[in-house]
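J.: Residues -19 to -1, 1 to 790, numbered by mature numbering (1 follows the signal peptide of the UniProt record, and there is no 0), are exactly what the sequence shown covers, in order.
Simulated from the structure, these hints should not be mistaken for laboratory data. Take these hints with a grain of salt, some might be off.
[To be verified] Taking lysine to any residue and the SDA-like style, the derived pairs with C-alpha atoms no more than 25 Å apart in a straight line are:
(1) Lys99 x Ala111
(2) Lys131 x Ala111
(3) Lys234 x Arg261
(4) Lys234 x Cys257
(5) Lys707 x Ser694
(6) Lys542 x Pro232
(7) Lys465 x His494
(8) Lys460 x His494
(9) Lys99 x Lys34
(10) Lys639 x Asp659
(11) Lys501 x Tyr527
(12) Lys391 x Val66
(13) Lys63 x Pro232
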Amino acid sequence: MKSCKPIFVLLLFLFSVRGDQLDEDYVRTDGAWILGQQSQVYRTLNIEGCAQKCEAETTFTCRSFIFAVKDQQCITLGDNTKTTVVFRRADAILFEKRMYLLECKRGTGQDYRGTESKTQNGVACQRWAATTPHVPRYSPTTNPDSGLEKNYCRNPDNDEKGPWCYTTDPSTRFDYCNIQECEEQCMYCSGENYQGRVSQTESGLECQDWASQEPHAHGYIPSNFPEKNLKSNFCRNPDGEPRPWCFTTSPTKRWEFCNIPRCTTPPPTSGPGRQCLAGRGEDYQGNVAVTVSGIPCQAWAVQEPHKHARTPENYPCKHLEKNYCRNPDGENMPWCYTSDPQKRWEYCDIASCDGAPEATAAAPSVAEQTELVDDCYQGTGTSYRGTMALTISGKKCQAWNAMTPHAHTKTPEALPNADLRKNYCRNPDNDKAPWCYTTDPSTRWEFCNLQKCPDPAQQQQQPQPTLSPNLDCRTGYGKDYHGKIAVTATGKTCQEWRLQTPHKHDFFTPQTHPRSGLEKNYCRNPDGDINGPWCYTTDPSKTWDYCDVPQCPAEEYECGKAKYKPILCFGRIVGGCVSNPHSWPWQISLRVRKRPHIWSFDLHFCGGTLIAPQWVLTATHCLEKSSRPSYYKVTLGAHTERATEPSVQERDVEKIFKGPNRADIALLKLSSPAVINDKVIPACLPPANSMVAGGAECYVTGWGDTKGTGGESILKETGFPVIENKVCNRPEFLNNRVRTTELCAGNIDGGTDSCQGDSGGPLVCAEQGRYILHGVTSWGLGCAQPMKPGVYVRVSQFISWIEKTMREN
């Protein structure tokens, strides 16, 4: 009985907290603030110092702390986000002790600090401080370091069976609690939530670091998948495989599964499941067993007519019973392998839970397409109704009606007049500017990548300044400002960034931010503050202040920035959206030169992308008609295929340069540079060897074949996600046809693709407010066919060749 076991005292070891220990022991959330009933305020130079204050706190149990960056203020708290309300606040970082957030146990669960408060038989636990109905042997007084608070399950005596509690049933003194194992030494289900440190594959190969692109380039970039915890080179399962895996350090083996044991306790319960379709249908557990085309489903447990790995053994938590339609791996909707040997798999037709037909990616009408909304805001932006969905640091916005990764109260239902549509930037609480919650679990919210609209009255009254080499000004928020203003808006002289007097600081120094230009005492904006550059001051009574750095006149034309807003149609190019005129100003038309008495107008046959005034990038296979440059002509600034608009520019092709190693990429040097204006602007090139993340939203444009769906002879656009090569090369998709110098993009269920006539054209992805050319349209198996996404030449792999060719010719 628990009354006769020896007392075990858990000793708290205080240590100097290093950065790696912070990552291990705390969960960080930027932009979050909580209020606690118990708190202490300290002055510390850095986050590590604040963590030490939390570890050493004696007046209460410190569960979290807040570090206010510029003020170097440290607040230790007895609460965390599980016990109190979360607020938004700029310049604040919340750190929560991981042990108080976990609702699982490690080993015997001696350090379990979750909130389970009933036994495995469902009986409520007695409070540890109470003496009825049972007089406890273990209490907050006798065991102060065991976390015996309220009536939560604990293991103060290191019982090998795990956490327990005294019960409120007089006939049962104590009982064990059903606390699941943390997925660190083992895995549940298919290991989607495995967080352990195994870093070898099942054949003994060392795993490649997720942040590295060598020896294998890949799209699982940790910063783009923060919720997947792609740390170091630990085995993970970010893409719905049967179990965790990793890229290997062997150049001859791209990836391999890891050998992770299954947890011995029962897996977490998933609830009763739905009998109808909600979202992607991942919780659908109905009995539909036929595909959209009427083919009966193959049973998940059998391997005929189709061999596969989606078995009940590999996916034990996905309810793969009989031959019922399911979604075990995060597809767009429930599906199944079919009983037709000629049709490997197909989606199922599941009735929607709300009784309405499922939304389709229908193309907007012409009327809907003509309205342009400026991507700038007036005042504080409470009236902004644009479609920007990226933050100032490039993070994607979380949908307002979603509660993950950040739970919140700013919902469309709570604020019906704030237009909280999709994940668009808004300002529902009259903050300084439009903002959004982010999809990064470590950053709760950020201001958006938007600028204030120019004041028309001021523009009429004041002549626009001309940009000169001596103009000391900033663009946007001034994050890249490297001028020499060194006095604040209130006239205070700035303190040198390297000095620690009169104000000690440890967060913004030339060492911590080597690329922010923290030289001398010049005003800078190392943290991307929306109010602009700032500095620590030489006034002992004023720690820091903003600087009055004027805005630069906007650059006339920048690569990747169109002057006309695109629709951003995430729909179909085959049956998709007609683009807003000149909203993709880098799109060119490659044509056969006019032949007298044969054609009345030049023939468009391929696309291409303007990357510099005199250079166009296209596909090598577009140049099979002739090796003579004089055979071709390039048309720029067109919206219609006939290219009769006044904005059209025509250039002969002076030289052709085909890509190395027979890659499907080619450079065209024009006979003379294009005139860069609001309708003809180059796209930006990506950094050499950079990878676009799997799932990134990218766009293709072209005058290609629309299969009779309308919009012929007018530039069309479509958006779809990039598909990581590892997934694209699966047998059911492109079966290892995609090379490392290529990338896949498209919707697995089809309906969205580039097609004949789009070849050579651009695949561009939005990054930091610009469109980056990541792909050249190359090949595909049919147009918009299910399981056959388009393939594009990966431009980043050819940057050195592109730059060398342009430089030497």
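J.: Now tell me, hint by hint, if it's right for this structure.
T.: Structure-based check of each hint:
1. The suggested pairing of Lys99 with Ala111 holds, with an alpha-carbon distance near 16 Å, which does not exceed 25 Å.
2. In summary, the hint linking Lys131 to Ala111 is supported, as the alpha carbons are separated by about 9 Å, within the 25 Å threshold.
3. The suggested pairing of Lys234 with Arg261 is violated, with an alpha-carbon distance near 33 Å, which exceeds 25 Å.
4. Distance restraint check for Lys234 and Cys257: the Cα-Cα separation of roughly 42 Å exceeds the 25 Å cut-off, and the hinted pair is therefore not satisfied.
5. About 36 Å separates the Cα atoms of Lys707 and Ser694, which puts this hinted pair outside 25 Å; it is violated.
6. The hinted pair formed by Lys542 and Pro232 fails the criterion: a straight-line CA distance of about 38 Å is larger than 25 Å.
7. A hinted pair counts as satisfied when its Cα atoms are at most 25 Å apart, and Lys465 with His494 qualifies at roughly 18 Å.
8. Taking the CA atoms of Lys460 and His494, the gap is near 12 Å; set against the 25 Å cutoff, the hint holds.
9. Pair hint Lys99 plus Lys34 does not hold up; C-alpha atoms about 33 Å apart against a cutoff of 25 Å.
10. Taking the CA atoms of Lys639 and Asp659, the gap is near 30 Å; set against the 25 Å cutoff, the hint is violated.
11. Between Lys501 and Tyr527, the direct Cα distance comes to roughly 16 Å. Compliance with the 25 Å bound is thereby established for this hinted pair.
12. The suggested pairing of Lys391 with Val66 holds, with an alpha-carbon distance near 13 Å, which does not exceed 25 Å.
13. Restraint check for Lys63 and Pro232: not satisfied, since their Cα atoms lie roughly 45 Å apart, outside the 25 Å limit.
In terms of the numbered hints stated before, the structure departs from hints 3, 4, 5, 6, 9, 10, 13, listed from lowest to highest.
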